[in-house]
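S.K.: Its first residue numbered 1, the sequence shown is counted upward by one per residue in our numbering.
Quick caveat, the hints were computed from the structure, so don't treat them as lab data.
A quick note: this is a predicted structure, and the numbers were derived from the prediction, not measured.
Beta carbons are placed, not taken as given, at the ideal position from N, Cα and C, and that holds for glycine.
Computed spacing ranges between beta-carbons, pair by pair:
#: 1; residue 1: 3; residue 2: 127; range: 56 to 62 Å
#: 2; residue 1: 38; residue 2: 3; range: 58 to 64 Å
#: 3; residue 1: 152; residue 2: 63; range: 30 to 36 Å
#: 4; residue 1: 94; residue 2: 38; range: 26 to 32 Å
#: 5; residue 1: 127; residue 2: 44; range: 17 to 23 Å
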Amino acid sequence: MAEVANIFMFLSMFLAVVVVPLAQGSDDLTRKIRPGKEKVTQIHCYYHNVDHGDNPTTVTVAMAPNSMKSPTGFGIVRVLDNPLTTGPDPKSKLVGRAHGIYAVDGAFDFNILMLVDLAFTDGIYNGSTVNVVGRNHVAAGVRDTPIVGGTGVFAFARGIVTMTNYYLNFTSGLDAIIEYNLTIIHY
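Given only the sequences and the hints, what does the whole structure look like? Please build it.
M.R.: Spelled out as structure tokens, the structure:
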């Protein structure tokens, strides 16, 4: 027992003498980030969700036992790789892709929890992303979901995506074209 007490005492002294002073000087080990002036960028595009046919852009990866009995599909989890285009026509110019996952989290109203990166592939935003995380109340004609981060041109982004249903088809699954208006605050 005395041996355990000695080891404990030694470790306590070691922490007090060596580790604590190192931690106090840790500011010297970090890099200071000095972001520039905040900017506001507006982006308008269309999000295309196709979950049927030969080339779906959204696939179901998990489902609760009662999901198909629910009027909303409650408990369905999907992974997506959806195109972002300049217009509502799927053949419009491609400006990026939406990659991520969403889960139907409304048992009585069609809500989804989105965890999506909008990855831009065109122009000055090529290689940059914004991270959209939050509630998407699909049944509402117009709704907002927060932007919580970003990379590249949109480093340290925050903002809002206002989504407007342009086209919804629930008969063959969920085919949708959603108009996206992004307001992005970044450095």
